[in-house]
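*Asks:* Chains as they are written, first to last, in this note's numbering: chain A, 639 to 1052; chain B, 65 to 495.
Rather than coming from a laboratory, the hints here were simulated on the basis of the structure.
Only a predicted model underlies this, so the values are computations on that prediction, with no experimental measurement involved.
A hint or two may mislead.
Away from chain B, derived, C-beta distances all over 10 Å, residues of chain A [as the list claims (entries may be wrong)]:
#1 724
#2 736
#3 790
#4 892
#5 909
#6 931
#7 999
#8 1007
#9 1013
In silico contact screen, one side only, chain B against chain A (beta carbon under 10 Å); selected entries [claimed, not checked]:
#10 195
#11 199
#12 227
#13 266
#14 270
#15 277
#16 288
#17 297
#18 411
#19 415
#20 467
#21 469
#22 477
Even for Gly, the Cβ is constructed at its ideal location relative to N, Cα and C.
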Amino acid sequence: MTSRTRGLWDRYRSASPVTIALLALVLGLVVGAVIIVATTPAILNAWRGAFHSWGAPGHALKVTFDNVGAAYRSIVTGSIVDPPQFWHSVTTGRGWTASLTPLSETLTYAIPLVIASIAVGITFQTGLFNIGANGQAILGGVTGVAVATLVHLPTVIHLPLTLLAGIAGGVVGGAIPGLLKAYTGAHEVIVTLMFNYVASYFMLFCLLSTPLQLPNQTNAISRTMPGGTQLAPLFGTASGLRVNYGIVVALAVTVFALWLLDRSSIGFEFRVTGANPHAARASGINARRTLVTSFLISGGLAGLAGVTWVAGTTHYIDQNFLQGSAGIGFTAITVSLLGRNRPIGIVWGSLLFAALEVGGSNMQANTGIPYDLATVIQSAIVIFVATPVLVKEIFRLRALRAESVKVATAGWGS
Amino acid sequence: MTALAADAVAKVRQPLGRTQAIGWFVIVVGLFTVFGMGVGTGSAPRSTLTFTPIDVSHGAPWHLGNLTLPTEWTLVLLGAVIVGLGAEVLVRRLVKGAMVRVGLMAIVFLLAVLVWASRQPGPSQVPFINLTAILVGSAAITMILIYGSLSGILCERAGVVNIAIEGQFLGGYLVGEMIDSATNNWLLATVGGVVIGALMGWLLAFLAIRYLSDQIIVGVVIVTMFTGLASYFNSWVLTPYPNLNNGNIASNLAIPGLMKIPIIGPTFFDETGYFYLMMGLVGLVSFGLFRTRWGLRVRAVGEHPQAAASVGISVERTRYINVILGGAVAGVGGVAFAAIQGQFTPSITSGFGYIALAAMIFGRWRPSGAVAACTLFGVSAYLAYNLQSYQVPISTEILLMFPYLITIAVSAGLVGRVRPPAADGIPYSRE
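Chain B on its own, in the form it takes in the complex (with noise of 0.2 Å):
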């Protein structure tokens, strides 16, 4: 498939073509913004900014005002940035930048979205918008995707495709609920959780490279069964001990001095200890791939593992290692997710592993863009599931179509740009 796709690609590849029109299309969208939504809103209406965090339980940042902004203007003034944005891409002919332009789009085009719902005196029930909430909540959301992503860099880097992350979160969730209910501790069970991820990583690790089956039907059954294991469980086992499943979660671990920063702290510095661990873990993973003799033998066995194997790297272990290590990561995103959504219920996970997997794509393969594609599809999730509570003439439905439908663009306006591992999801043998 590879080759066939690679030969559609190069006749469809007409980098030029594809950049003007991704181009035009954010200057549209960006002509909307100040024509369609800004000028003439009509009697003058204001929207507010606060920054004040929802959750203080640790202490409140240092206060910041109000911001009253003239709805009409402001919206000109984005319309006007995503304008620019697309004249950007237009002008300098961006190849490669274009479609970090069309996720910044995405951005200021639903902050947009958020000023002119929420404009006073206007149809909006919530009169504000809570800057310092929306950073918090996308925040959460994107560190889940964040797990999520490094697990598919450990196993792709090394040639494994992991399409099982939305199996692993859930068992991660599962697991990760059930030890924290019945002991209170969340140590317990994380550990918990990179053992029930290990364990499935080692699932598609054997299968895959042991008996050498195709990855992504491999990984898309396992997915199957541990839903319907999950889902087994939760009637099974769940339902008549409620008790294994109270919903806690973990309280935050607020960091003195830092949280008192306004916005930046209650998003970065009062959050659980997932949050420090999943940015460890990325600055770990960033300089473990890329700086350590380890990475470099990762990288040969998922680039090109016959030559690996001539130098004496050992292919399969090296992929066993890297697969078990990825799935132990997505299940310490499953437990994460426990310990800031609480509780379990079979179709919690709703599809997020795969747009982890999709993130990953989008971040070339790599720690530092995984972290930047992860907070593009955290924040327009956050934005998307929120603007319900405003009162924008848009169904509920439509607006949770919004992540998946993000993540389909990407992935189309992405591919010719972005060059995976070249054994990524070959199987390897020696003879």
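Just chain A, with the same shape it has in the complex (with noise of 0.2 Å):
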């Protein structure tokens, strides 16, 4: 073996974060493969008739994997390039829009998962739950059309102003699980998983009975913001990729987040707040500050994300909108746990579930299987990376470097 090798070998073994993520994404897409093979009728039918003649068990794992093979090799084709397509655009020269599509869906639905995402880890940083990052979104997906679509401005200042506005809504979302946990003691976890249902009848509510709504419309369906307001794709509409200047906002909330993070003086008393609360207590940091500052931003940050999917890609917003398997709030509690609450981590986090959630899609187009088995992959991965130690068991990894996801929230806190 030469050492640069040993040296690979060694990291896999020593089981750092990287190596338990890639494995727990191993153990994510072997537990969807056993959820297709125990509820795909056509490998069942294989099966069931596996013993009845010698060739037949060999029929039925050729179905099996066939089936499976189908299914991921969907996702990956779906989500990041069909390579046959992609040599032909190479080839030819033509037909790049349908080879970079793939790439364009993932890139598009990861902007809003990267913002959401972080907004999630800001708070798992300090020690507390924001499971409200769904509502947060959609307060600011609501409030972003409203001042899109029922303001008039040149679009220099429209547009940060619609997203302002999203920033606000998401704002408001979050002042209310913050400043109820500082001033009442209200655990965070019920507040902001109940206002997530109240954020989504208050959209319909806006949807149904205001001026946000389509004139002329019974159905809850809001007016479409005007041109002025949309993030532009980046290559232009002519180019048929999604792909939109949501880029540029996702890369400055990362930014943005290393800074808060690492460098300003808020961002420490977060860590410190997260780590260790007695000790941020003893040194002198307001607990109660810190805690609504940081439900402050994260609901900022999620409002960002609602607002920046709706103004990237649909341009209006219905019943919809983040409900059930959309809800990119619920996908970024994953998210932030998988990326470890970091920035970085989580940039790559929202890439690879954005890339599962386009390429189910794709895979649902292909094969029939519903893309929700994205859902429980990704679940799995984060199962798995929460519990490092039975990833360690199950790939007999020598050392256990890698520390538990920690996030200081026993019990409910009163």
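Since each chain sits alone in its own frame, please combine them into the complex, following the hints.
*Replies:* Have a look at this one:
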């Protein structure tokens, strides 16, 4: 073994966080495969006859691998690149839109996910749970669309104002659990969970009975944001690729989060409070102020994620905005845990989870297997990341340098 | 976090100040009922109460006539009751009982809104209030919540936070509905619910006890996972095989004789088997936790695991058993949900698992308290959902927010007055 491969082997055996994350991905895909096998009629039928003749078990295995393989292949080709199509574009110089669409879609979906996950990560770093990022993102989307459609201004002012309105909406959503926890002690997990439902109904209310609603409509659908308030596609509308200038917003948020957590004094207070609340208090950090600030920043970013998604992709909201499987605020919790609540880790985690979501839709289109499988795989990955000892035991890794994701929120905090 | 919040609470806690705020708030609501809704409803309207249940398939209770009330005076009276509750909080300086008075206020106030909304002549399309129907409907919601709360109590008394109740509801609902659709047998469905709930409880226990993971994180992720799995199942299995989701509901088992009592009969004695099972479980858990050796051990593990271990109790085993039991109870709750609601849809549990958890905290980790809290949530949720049919000048979406807003308000008004089991949520390791 050369020293270089030995170095890699040691790195694998040492269970660094990155190793754990990659192995968790493998395990997550295994869980997904098991679910596909257990629920897909074609595979089950093949196994039903598996012991009737000599060739049947082999056939059943082949059917299994074909089906699972087709599913996972569609995830990859739908989210990163489809090699034959790509090769076709390289050789003929045509069809670039089709070749780049998977990557563009993954980036498009990753944009709000990065922002929302950083929002969640900031509270995690403070030792707080913000499970209401989805509700805050919904509020951000609603206020953003309201400002975009109801105010008339030149683009230079209107676009920033729209984004700011989104932040403001999210801040309101973050202020509620923050202030309630600081001044009454209400546990933020319950408040934020309940707030998600309140925000969804509030959105419906706004879409059904206010100036926000598209005129002459009875459905819950908003007016369309005027062109000047949209985040334009990066390569122009003609390119057909949806990836948009929201990517700049996401990068800015990442840089902001890096600065906030590593360079600013308030970020230092967040991390000290998260690591050891006793030490934080003893050193004179105002617990209540830290808590509220953390929630305000988190809520604001979640709101920004909501408005960035609307302004970059759909340009209007309807009753399905961020509902169910589309709830990026819930995916953000898992992304943040996967990225160990660090901005850079979150960016990688967002790209992975966005690829899973986008690829999942492609899988559904090609094989019929519902894209909700992506959610299951994502959750499984995070469960494994949250229990590194389990991963270590499964893969028989030597040392455990990786600590489990530490969030100091034991019990109901009262 | 515990310590931080405790410090925050210690600084905030001025019981009298908060009690006064609550008292005055209740009084303001009462005054609004008297003067905002009551006085001057105009042209002497009347509100009618009826007591005939909607579902009389097992025979109706003894008939009670309609009760017609003068709307104005009824509202003044109800408002006065609310003012009285607020005054009681202020005068007796209630600290512990303040939130209970707020709960009573919520119910009386919603009743007042009903009286006001159904007045004739008035804008209402529903010219009467069916008190029996309200109680029957509330009992159904309450039952689901109590299953969830009992699950939470079993887990948290042993020191494990089970935030995955919502997921266990969903799992029990899905499995129960599928099994009943396939076999037409609710007993088998219940067994299925027990199994899936216990499995989910085991998963939580395995990760939280063996690997000392953060229980809230693991719980939330388990919910996310099963929400995804349920949607997956819904479109991959239930849509192609609709006869696995044919929306059966369980028929009621009326208790002869007792069900003849007006109002009470239809509410308590003409219910599905799950209702009686729930009542039995409340008694069993209550007795088990506070009157048996098993309960003493569980509570010891939840309060001070080191001390429990030092007298030879296996902390891990106790926690495993309780979390699995809790999961099973929540799983049955999911089946019960299916038995009254019918067809499965992916977001059917709509946060009830979390509301049940809040009710458990409100009920101070006691079965009896949880029953009271769940009743409060159940009645107010039912009333909020059903105010839509009256022409109240509040939009449907705002009304639908009510159960969640009440949960937020309650958890904000409580803290400092409730104390969870001391080791709740803290992983235990022998080293």
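*Asks:* Against each hint, give a clear statement of whether it holds in the structure.
*Replies:* Going down the list of hints, with the structure as the test:
no.: 1; hint: 724; result: holds (30 Å)
no.: 2; hint: 736; result: holds (27 Å)
no.: 3; hint: 790; result: holds (28 Å)
no.: 4; hint: 892; result: holds (23 Å)
no.: 5; hint: 909; result: holds (14 Å)
no.: 6; hint: 931; result: holds (14 Å)
no.: 7; hint: 999; result: holds (13 Å)
no.: 8; hint: 1007; result: violated (7 Å)
no.: 9; hint: 1013; result: violated (3 Å)
no.: 10; hint: 195; result: violated (27 Å)
no.: 11; hint: 199; result: violated (25 Å)
no.: 12; hint: 227; result: holds (7 Å)
no.: 13; hint: 266; result: violated (14 Å)
no.: 14; hint: 270; result: holds (9 Å)
no.: 15; hint: 277; result: holds (5 Å)
no.: 16; hint: 288; result: holds (5 Å)
no.: 17; hint: 297; result: holds (7 Å)
no.: 18; hint: 411; result: holds (6 Å)
no.: 19; hint: 415; result: holds (5 Å)
no.: 20; hint: 467; result: holds (8 Å)
no.: 21; hint: 469; result: holds (6 Å)
no.: 22; hint: 477; result: holds (7 Å)
Of the hints listed earlier, those the structure fails to meet are numbers 8, 9, 10, 11, 13, in rising order.
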